[in-house]
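Number of protein chains: 4
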Amino acid sequence: MNKKTLDLAGIYPPIPTPFDSDGKIATLALTENLRRWNQYQLRGYAVLGSNGELVLLSEQERLRVLEIARDAIPLDKLMIAGTGCQSTEQTVTLTKKAGAIGADAALVVSPSYYRGLMTKDALRAHFHAVADASSIPIIIYNIPSCTGIDLDAETIAAIAEHENIIGIKDSGGNVIKMAEIGRLTGPDFQVLAGSASFLLPALSVGAVGGILALANIAPAQCLAIRQSFLDQEWEQARQLQMRMIPPNTAVTRRWGVPAVKAALDMLGMYGGPARPPLPLLSNETKQELRVILRQAGILHEGKPQDDNEDR
Amino acid sequence: MNKKTLDLAGIYPPIPTPFDSDGKIATLALTENLRRWNQYQLRGYAVLGSNGELVLLSEQERLRVLEIARDAIPLDKLMIAGTGCQSTEQTVTLTKKAGAIGADAALVVSPSYYRGLMTKDALRAHFHAVADASSIPIIIYNIPSCTGIDLDAETIAAIAEHENIIGIKDSGGNVIKMAEIGRLTGPDFQVLAGSASFLLPALSVGAVGGILALANIAPAQCLAIRQSFLDQEWEQARQLQMRMIPPNTAVTRRWGVPAVKAALDMLGMYGGPARPPLPLLSNETKQELRVILRQAGILHEGKPQDDNEDR
Amino acid sequence: MNKKTLDLAGIYPPIPTPFDSDGKIATLALTENLRRWNQYQLRGYAVLGSNGELVLLSEQERLRVLEIARDAIPLDKLMIAGTGCQSTEQTVTLTKKAGAIGADAALVVSPSYYRGLMTKDALRAHFHAVADASSIPIIIYNIPSCTGIDLDAETIAAIAEHENIIGIKDSGGNVIKMAEIGRLTGPDFQVLAGSASFLLPALSVGAVGGILALANIAPAQCLAIRQSFLDQEWEQARQLQMRMIPPNTAVTRRWGVPAVKAALDMLGMYGGPARPPLPLLSNETKQELRVILRQAGILHEGKPQDDNEDR
Amino acid sequence: MNKKTLDLAGIYPPIPTPFDSDGKIATLALTENLRRWNQYQLRGYAVLGSNGELVLLSEQERLRVLEIARDAIPLDKLMIAGTGCQSTEQTVTLTKKAGAIGADAALVVSPSYYRGLMTKDALRAHFHAVADASSIPIIIYNIPSCTGIDLDAETIAAIAEHENIIGIKDSGGNVIKMAEIGRLTGPDFQVLAGSASFLLPALSVGAVGGILALANIAPAQCLAIRQSFLDQEWEQARQLQMRMIPPNTAVTRRWGVPAVKAALDMLGMYGGPARPPLPLLSNETKQELRVILRQAGILHEGKPQDDNEDR
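Residue numbers (numbering that gives the first Met the number 0), protein chains in the order written: chain A, 0 to 310; chain X, 0 to 310; chain U, 0 to 310; chain R, 0 to 310.
Be a bit skeptical, because a hint or two may be false.
[To be verified] With a Cα cut of at most 25 Å, we get these calculated SDA-like pairs of lysine to any residue: (1) K96(U) x E60(R); (2) K96(A) x G22(X); (3) K285(U) x R182(A); (4) K119(U) x P272(R); (5) K119(U) x K285(R); (6) K95(R) x Q85(U); (7) K23(X) x L280(X); (8) K76(X) x L280(X); (9) K119(R) x S281(U); (10) K119(U) x T284(R); (11) K119(X) x T248(A); (12) K119(X) x R252(R); (13) K285(X) x R182(R); (14) K96(A) x L280(X); (15) K23(X) x Q89(A); (16) K95(U) x S57(R); (17) K119(R) x L280(U); (18) K119(R) x E153(A); (19) K119(X) x N37(R); (20) K119(U) x D149(U); (21) K95(A) x G22(X); (22) K119(U) x R114(R).
[Stated by the list, open to error] Residues from chain U shown here face chain R by an in silico Cβ test under 7 Å; the list is partial: (23) L55; (24) K119; (25) P272; (26) P276; (27) L277; (28) P278.
Note that these hints are calculated values from the structure, not bench results.
A virtual CB, placed ideally from N, CA and C, is assigned to each residue, including glycine.
Start from the sequences and build out the full structure, keeping to the hints where you can.
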C-alpha cells in the first residue's frame, strides 16, 4: 500500500485547547481561533496534542474539542487528532471515536509510564494494535521532552512496518535520526518536524513538513520557511529559520503551553489560562515574551491586537 | 500539627489489579488475594499504585477497585489509594472520592507530562492544592522509573511544608537523598522505601517502612527484614536483605508488573494477565522467574500452589 | 578585533595517529597519508583530536606528531592542533608548544573530570587563561560523546567573549544549539560541525564547515556536500548528505577510531591498530564495514586499494 | 587464590595533593598532614585519587607524591595509589612504578574518553592487562561523577574474574548495585564505599569499608560509624551517619576538592589551593562551609585551629 494515500506534506499548528475563566472549554474561542488560522495556507491542524493539553482533559472534553474543531476546519484541511493514552485499549477507543468524528489521522504518543518495559516489541505491538483497529491512518508521536523516552530509529522503523502507520511527528530535534528514519523506512513514510527550531534542518534531511507550536502564533513565517526551501531560496529560508529560534524557544522549552496562550492573547486571538499543574506566567515573563515576539517580527507595536491581552 | 497522626510505619504491598481473561476486573480474585495477604502483619496496602496499573484503568474501574479492596481490608490495616493524575483537578477529584470510599491516605505521583515546566514551585502548588482539598493525608510518590523525573530533596521538602502531606514513597533508591529528606523535613515526615532492594539501607537512614512490590509475593520476608532491623538483629537483617535482591529485581526492574502477576500465579494466588501495552511474559522468562523464586526461598518445589500457575 | 583574521571556512579531517605493529608512531605512514589527503581541496587538518588519540599519547609523542604533520602539510592549509588537557597549566603548555611548532590554531576540549565543578565561570576562566597565554587562536571543542558534558549555548557564548577564541567544533549534533550559538556570539564566531551526519543541517543554520571523521575516508564527498550547499544545489547536497550517514555512523558512533583506521587500510592508505583500551575490530565487523563503504560509494570493488587491508 | 590476601577492610581518606602558592607540590605539608592522620586508626590512604588531583599532575609529580607519601605512611597502614590513565599502556607503566615505590594496591579508574566503545569486553581487557602486568593487587575505581560512566554490576563482575583484581571503590551511591556486586563476585571481592553519605547503607549490604573524602576532615567520625556498625550499635551508627551527610555533601558534590582543602585549612592542617580549572572558593562559600562543619561537630569555635585558615 502507498502510505501517501494521505499526503501530510505541509505545516500544522498543534492548537491549544482554550479554557474560560472557570476552567471550562471555551468553545466559541476555539471556533474563532480556527477561523483566524484558516486564512493561512496551513495543511491542517493537530488537535489534542501536547499543546492541546490532551492529558489534562476528561474523555468527554476530548470528544467535545474534536467535534467543535471539525466543524470549524474546512474539509480541504486535515484534522489530526491526538489520541494516545497509556493503555492500548483506551488508545484504540479514542482513536475510533476520533475517526467517527471526522479526524483524518490520529497522532499517537508513545506510552511511557511503564518505560522500563516499553521494548521495541512492546511498542510495536501497541502501535500495531491501534493501527489494526483504526479506520484512519496513524502518525507516531515521539516527544521525549514530555514522555522522557526517545524512540530510536530502529524502533520507529519496526513500528512503521504497519501499512496504516504513515508517518511520525518527531519533536526530539535529532536530525541525524530523522535522516536515519528516512533511510530505514523508505520514501513513503512521512516525517514531520515537531518543533520550528529545526524545521529547515529537518526539511534538509527529508522531512515533509512540521507540526509546530510556533505555527499557532507565526503561521506565515513557518509557511515561508518551507516555501523558501521548496523554491530553493536557500538563503531566505535560512535567515527566517534563524529569526524564528528565539520565539520558538520561548513558546516551547522555556515557557511551554502557557506562553503559546499568552502570545495568542497578545496577538488578539484567544489564549486564556492553561490548566494546573501548568503554571501561570508571571508579568515579568509576559513582558519578556512580548519583547521576544516583537524582535522576531511576530508582534507589532501599537496594533489594536494588543488591546485584548489583559483579559 | 503532628504528621504522625497517621502512623505509616510498616510494610505494604502495592497490590496488582487482577483482570480476568476478558480484561475485566476480577473482583473475586481481588478479594481472595487480600484474604491471603491479611494473614500477615502488614501495616496495610497500596491500592492503585504503579503495580495496580492505575494509569491503565478508567475512572469507573478505579473506584470499583477501591470499593472492593476497602471491603476486604480490615479496619486495623491502612488502605493507601493511588490518586495521582496529570491534572491537578483530576487528582483532587479522585482523591476526594478515595477518601469517601474509606482510604486512609492518598498516594500522589508527581505529574510528569509537562516535565520541563514542573519546577519546584509548580509541583509545590500542585501537591498543596490536592492537600488543601483532601480530607485524608497525602503521601508524595516519587518513582523516576515510571515518570522519568526524580524529585530532589529540596523540592520534596518544599512540598512537605503542608501539614496534610505526611510522607513520601521514594522508589528512586538513592539513600543519600532519603537521609537528606529526613534532615530537611524533620522527624514527623515519614519516608517509605519504594523497593525491597534498598529496604534495609533505607531503614538505616531513617525510613519507617516500605511499599514494596516484593511484599506481594514475599510478605513474610519483607516483614522479617524490618523486624530484624527493629530488634537490632543486624546480621540476620542483612542476610535476608541480600537474599531478596534477585527476586525483587525480577518483579521490578527486569520484568515488572507482569512478573508480579506471574509469581502470584505460581504461588497459588491470582495473578492473571496485565493490560497492554504491558507485555506478556514468555515461557522462558516464566521459567527463569520460577528458578529465581525457588532460589530465594519464596517458591517451594512440589507444593500444590504450583498447580494453579498455568491457568 | 575581527575573529575572522583566521578564516576557518572549509572541511577538515581529524586525522588519526598511525601506530606500527609495536605500537610506536608510524611516522612515514603519517607523512604518506597526508600526501594523499593533500590532493583534495581540504581547508586543513585537525591533528591530535579525538581521532588522533590525543589522550592516549605521551607529551613527547604529541609534539612529534605535530612536527611531522606540520612538515607534511602545505602552508596554504591549516593545521589545527588538539591541545586540551584536564589541567589549565598543561593545556597552556601544550598550546604554546603547538604554536611554536607552527599550528595555525588550537582545538581545546572542555575539561571534564571534575565535571560537577565545571560551571560556566570555571570553564570560562579555563578557556580564557589558555587564550591569554596562546599566540595562536583557540577553537572550543565540544564533544559530549567523549567528555560526557554538553556545553550549552550560554556557556559557549561566555567563553567566546575572548577575542582570541574564534570558533567552536561542536560534535553534539544539536543544530538548534548551533543556531543559538550563532545568535548569541555574532557573525564573527565560526561554528564547525563535528560530525558529517549533520553537516548539511549545520551549514543550514550558519556553520562555516566541519571537522569530520568521515573526511579521512571520504574527503571528496564531504567537500561536495559543502560545495553543493554553497552553489545552492540544494537537492544534490541533500542526497549526498543522506548517503553519507551510514558510513559516518560506522566510523563514529558505532565503531569509532578503530573503524576509521580499518577503512583507511581498505582504501590503500595506512590505518593500522588503535591503542588499547580502544578495541580491535572483529573480522565480522570489518566485513560489515566494507559493505557499508561500498554501498556508500566510498570503496570500490576489485580496486588494488583492497590489497593492503590485511597487513 | 584468596583475594583477601590483602585485607582492605577499614576507612581511608583519599588525600589531597597540597600545592604551595606557586602551584608546586608542597612536600612538607604532605608529610605533616599524614603525620596528623596517622594518629587515627585508619586502615590506610588513597594517594592520587580524584581528591589527589591525579589528572592535573605531571608524571614526575605523581611519582614524587607517591614517594613522599610512602615515607610518611607507617608500614602497618596501606598506601593505595591511584594509577588509572586513559591508555592501557600508561596505566600499566604508572601501576608498575607505584608498586616499585611501595604502594600496597593500585586504584584504577575506568577509562572514559572513548566511552562509546568502552563495552564490557573492552573494559575487561583493559583491567586484565593492567592486572596481568602489576605486582600489586588492583582495585577497580567506579566514579560516575567524574567519568560520566557508571559501571554496571555485570561489567564489574566480569572484570573481577581476574585473581589480581581484589575489590572496588564505588562512588556511585547505588547500594542495590553494591549488593548485586557482592552476589555476582562472591565474598572474596571487597567493596569499598566511595562516599561517606552512604557508608552505613553500604556496610549494611556487605561493603567492608570506605575511601571517603570526608575522612580527610572527619576521620574520627567516619571510623566511629564503621565501629558502631561492627559493634551492632545500630542506632548510634545511624545517628552519626545522618549527621555526616551535610558536611560530606559540602566537600563532595557541592564544592569538591577545593572545599576539602579549605576545610583542612580551617582545621589547622594544610589545604592550600587546588589547581585550575578547579575553582577558588568564594569567601561566602567558605563561610557557609565553616557553619556546616561547626554544626556537624567537625570544627569547634574558638579553637586555635582556626588561626591558620586564612593563610
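Hint check:
For the hint pairing K96(U) with E60(R), the CA-to-CA distance comes to about 20 Å; that is within 25 Å, so the pair holds. The hinted pair formed by K96(A) and G22(X) meets the criterion: a straight-line CA distance of about 21 Å does not exceed 25 Å. Note on K285(U) and R182(A): the hinted pairing holds, with a Cα-Cα distance of about 22 Å set against a maximum of 25 Å. Our distance criterion of 25 Å between C-alpha atoms is met by K119(U) and P272(R), whose separation comes to about 20 Å.
Distance hint between K119(U) and K285(R) is fulfilled; the C-alpha atoms sit about 20 Å from each other, no more than 25 Å. For the given pair, K95(R) sits about 23 Å from Q85(U) by alpha-carbon distance, which is consistent with the 25 Å threshold. For the given pair, K23(X) sits about 19 Å from L280(X) by alpha-carbon distance, which is consistent with the 25 Å threshold. Distance hint between K76(X) and L280(X) is unfulfilled; the C-alpha atoms sit about 32 Å from each other, more than 25 Å.
Annotation: proposed proximity of K119(R) to S281(U) holds, straight-line Cα distance about 15 Å (limit 25 Å). With a C-alpha separation of about 17 Å, the suggested pair K119(U) and T284(R) falls inside the 25 Å cut-off, and the hint holds. Restraint check for K119(X) and T248(A): satisfied, since their Cα atoms lie roughly 21 Å apart, inside the 25 Å limit. For the hint pairing K119(X) with R252(R), the CA-to-CA distance comes to about 21 Å; that is within 25 Å, so the pair holds.
As the CA atoms of K285(X) and R182(R) are separated by approximately 22 Å, the hinted pair is consistent with the 25 Å bound. Proximity of K96(A) to L280(X) is assessed by CA-CA distance (about 31 Å); at most 25 Å being required, the pair is judged violated. Among the hinted pairs, K23(X) with Q89(A) is consistent with the structure: their alpha-carbon atoms are about 13 Å apart, no more than 25 Å. Note on K95(U) and S57(R): the hinted pairing holds, with a Cα-Cα distance of about 17 Å set against a maximum of 25 Å.
As the CA atoms of K119(R) and L280(U) are separated by approximately 15 Å, the hinted pair is consistent with the 25 Å bound. Only pairs whose Cα atoms come within 25 Å are accepted, and K119(R) paired with E153(A) is accepted, the gap being roughly 23 Å. Restraint check: the Cα-Cα separation between K119(X) and N37(R) comes to about 45 Å, which exceeds 25 Å; the hinted pair is violated. A threshold of 25 Å between alpha carbons decides the hint, and for K119(U) with D149(U) the separation of about 12 Å falls inside it, so the pair holds.
A C-alpha spacing of about 19 Å is found between K95(A) and G22(X), which places the hinted pair at or below 25 Å, so the restraint holds. Between the alpha carbons of K119(U) and R114(R) the distance comes to roughly 24 Å, so the proposed pair stays at or under 25 Å and holds. At about 4 Å, the closest approach between the beta carbon of L55(U) and any beta carbon in chain R falls short of 7 Å, and the interface hint on this residue holds. The restraint placing K119(U) at the interface with chain R is violated, with a minimum CB-CB distance near 11 Å, outside the 7 Å limit.
Hint on P272(U) is violated. Least Cβ distance to chain R is approximately 12 Å, over the 7 Å limit. This hint holds: P276(U) has a C-beta 4 Å from the nearest C-beta of chain R, less than the 7 Å allowed. At a threshold of 7 Å, the smallest CB-CB gap from L277(U) to chain R is about 6 Å, leaving the interface hint in force. The interface hint given for P278(U) is met, as the beta carbon of that residue sits about 5 Å from the closest beta carbon of chain R, less than 7 Å.
Hint compliance for this structure: hints 8, 14, 19, 24, 25 are broken, all remaining hints hold.
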